[in-house]
Amino acid sequence: MPDSSQVKDARRCSVECGTPPLRHFSQSSLALPRNSQSLRTFCTEHNMQECLSYIKQEVSLLSLSPFWTELDDDSQLNVVAVLNCMYDLIQLHHRSLRTLENMEMEQLKLSSYVDNLKTNNTHLKEEVELSKRQNTGLLERERQLHLKLKSLQSSLKNEKDEVQKLQNITSSRACQYNHEMKRRERELNKLRERLNQLLADKKERKQTIDLLNNLGRADGKRSLWKTEKTEAKHEEEMYRTLLSDYELRQRELALENKELRKVMQQIKKEMVSILKSRKLALKEEKQELNGMQTASDDEENEVFDSSKESLELFCIHAREKLTNSIRLQWRRLKSHVEKLDSQEKEEMDRLKLEIQQCKDFIQTQQHLLQRQLSSPIDQDSASLQNDGLMLQEKMRLSEEWKSLEEQRRIFERERRNYTEAAIRLSHERKIFEEDRALWLKQQFLSMSPFGNSNQPHLLKSASALLITETEVGSLNASEMPHECQSVLVSQKSRSVSLTSSSTDDLESALCLIPENGSSEHRKSELFGDFNSLHENVPLRRKQWKESKDLSSHSLSEENSTA
Amino acid sequence: MNFSEVFKQSNQLCKVSPDGKYLATCVQYRLVVRDISTLQILQLYTCLDQVSHMEWSSDSLFILCAMYKRGLVQVWSLEQPDWHCKIDEGSIGLVSSRWSPDGRHILNTTEFHLRITVWSLCTKAVSYIKYPKACQKGIDFSTDGSYMALAERRDCKDCISIFVCDDWHLLRHFETETQDLAGLEWSPNGCVLAVWDSCLEYKVLLYSLDGRLLSTYSAYEWSLGVKSVSWSPSSQFLAIGSYDEKVRILNHITWKKIVQFEHPAVIENTKATVYKEVEKRPAEVRDEFSLHNVTMDSTLFSTQSKYEICSLPVQIPAVKPDPDRANPKIGVSVLAFSSDSRYLATKNDNMPTAIWVWDMQKMSLEAVLEHTLSVRCFLWDPCRPRLALCTGNSKLYLWSPGGCVSVQVPVEGDFQVQSLKWHCNGDSVILLGKEQLCLCYMDTEQEEKLNS
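Chains A and B, in that order, give the protein sequences.
Residue numbering for the first sequence follows the numbering used here, starting at 1 and increasing by one per position.
Residue numbering for the second sequence follows the numbering used here, starting at 563 and increasing by one per position.
I should point out that these hints are in silico values taken from the structure, not numbers from a laboratory.
Accuracy of the hints is not assured; some may be wrong.
[Stated by the list, open to error] Within a straight-line C-alpha distance of at most 27 Å, the following computed DSS-like cross-link-like pairs (lysine-lysine) qualify: (1) B:Lys692 / A:Lys226; (2) A:Lys206 / B:Lys631; (3) A:Lys226 / B:Lys686; (4) A:Lys165 / B:Lys819; (5) A:Lys258 / B:Lys819; (6) A:Lys160 / B:Lys808.
Model the full structure from these sequences, guided by the hints.
Printed below as a string of structure tokens:
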């Protein structure tokens, strides 16, 4: 505790005798805080020894003179040495403060220098940008000037060439003029000489002609006096020549025109036909368009078919229309051809692909076949034989199948006829039954004392019609039963639903009739026509059955072979 | 192909009669008339001076011989050798003389083109036509011989007079829109008159028979213009050859250009055949020869040549004309249609060794014939599409659609073919040298085989 107070006193002492620098330093932020509390926190009464040892360590580290004697115990401290030590420390502190201040100064200087540099840098960058821009601007100007220079040079060259050309022309013209001038001068001189000669010459030789005898005219005719008539005749002849020439030319041109028009129309027709055939093929795809096009085509065709032969197509309007229509058709044709080409290409590609696939398939098949063939030989021949037999069988069967198909078709037809006949027959039967009922009724009634007057009346009721028909029918007995049947059917306008009657029903229906036929001759007559049918029916039925058997047989065969 | 023997002629005066039976030649001051098939001399006439111009009348009965220096024209009759006719122009001089289409009038152009005197052999009457124009082609008769068109110049303006040849009645007289009329030509159907300006201005005018201007055509300005003009025999086309080495074809319906044929120095990109004349080396002279053995046989020294087909591109040798001279040797100077109007043969003056044959149906180049020497003369066969040409050597060249051939003229001595003329039936060609002439009979059967 005394030490601490000593220490405190020492400190206070230092404070009191404080030199201005100390004060100054003390003002700095780096000075120790005048907080005595920190002193107390470091060293307390309890940890004095530790503090001391610590301080000793630090001092030794700082290489200050020790303030303690080794021999002494911790409790004994050399005050002078401590003061010295403290003084050293203070000096040290001052020194460090100074260096700090220096460093701070340096740092400020440096930072200001850096700022300065930065501003300089930005300035310089801006300047560089500006100069770059200026440079590009100048380059652009230079380029433009170059271009201008080139164009000016070329125009100069052109001008020079033209000047040269004009000079050449002028020189040649000058040459020509000079030549001409000289020639004329020479001629003039000759004339002058001649004139002089003539003036000098006394004897003038006159023009003379000496003929042995006059010749006759080339065409043998007499020459005519020159009168107005002859002049008029000459004029007339001249105009006639001109006119005939014009007429000839016009005729030729008209012929040519006609030929060309014919050719044009032919072309147009052909193009239209090509387009139409094309359109039929593409009908499903472009119905609307087609409709429009065909309509317009038809329109045009109408227009031209009407005017083609009748008028001579002298009007420009028709001619223009024709040429326009041809142009239109030609364009359409072109587009169609292009489309066709593209389609063809696609198809070609597709077909090629298919061919390739088929080829591959064939190859694999061949491969397999070869493999099969490469197996033992006895199997080979048997299989071959089998194959041959199979093929033969197949062929025969296909033929039979065809024939059977035909027969089936015939039978179908017959069956239809039968059903119709059956239906009719049923009708007849019904009517007959009714009739019979009536007749029985009548009989019954006739047996009774009343109702005789009703007989003829009743008789006429249903079968009267039939009687007339049978008469008709008998007339046509020789004809096919179909016809009278049709007559009967037509008379009865009852609609009958043609149910698919089985053969049994038909048979029963038919069997019924021969039973009843014997009683009524009328009915026999009526059904006599059906007899022929009956006769045919069993035959056909037989055939049909046979065919059925055959077909079944063949079917079975097929089943066996398949 | 047969060649006749060589006969003498002077001044390239050798003409076949229009009916094709006789051949008239002038040798100095003599007029010799031969039978064409036998070449026997039928008649011999003597003129007063060296003949400058000789012409058959249209009915093949009379021959006109003009002597320009003396100003005399003598007419001879074939039927009556005793008949004579002499026209003396006197002091006024004579520059050209021609028959009228009816064969009974003679038109003499006086010196300095002062006037044209029309002499009638039927009545001895004289008519005068004043101030005809002195130009390349100032006078033309229509094909049927009924009209004559004459270019005149009055008051520094060009005009045209149309006369009826029957009685020399002036039918029409009209001014033309030309600066300096160079020539005029009737169309073969006699209804249109083509008139063209001098080379200083490219202008072609088309007038109807009654004097109306139908159309004007001008391809370009300032450069030298029209050099040659030719109608197709069907009157459908008018070919105009100009100094810019091009031929322009006008059609008779609209009188507008339908196609333009160019003559480039390098031929490429065409379906035409290019024939090039290739000379074979002459036969080697034997080592041993003495003066006796050496024969002055021209065949020993002349070179054989044949046509070879060249593959494209082909370069045609072109000669650059002298720019300081007038009427430069450049441009299409000669145009010739074949008789069926199917082909057109042209010659470009700065490529003088080449003849260009154009197909008028296809409107494209058909063939180009290139030779070793400049082509001097080329003419179509009057009956079929066959072209005969000569280059001043001793060969005759023939082209037909089937091919072309060069034939050596088997004549002793130095015979250089300067010009040629076809017989009117196309069976023979008259080859004219400097002082000689020779007939070449075509083997028509062979030729037809060649053509087919």
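message: Under the constraints set out in the numbered hints, which ones does this structure not fulfil?
response: none
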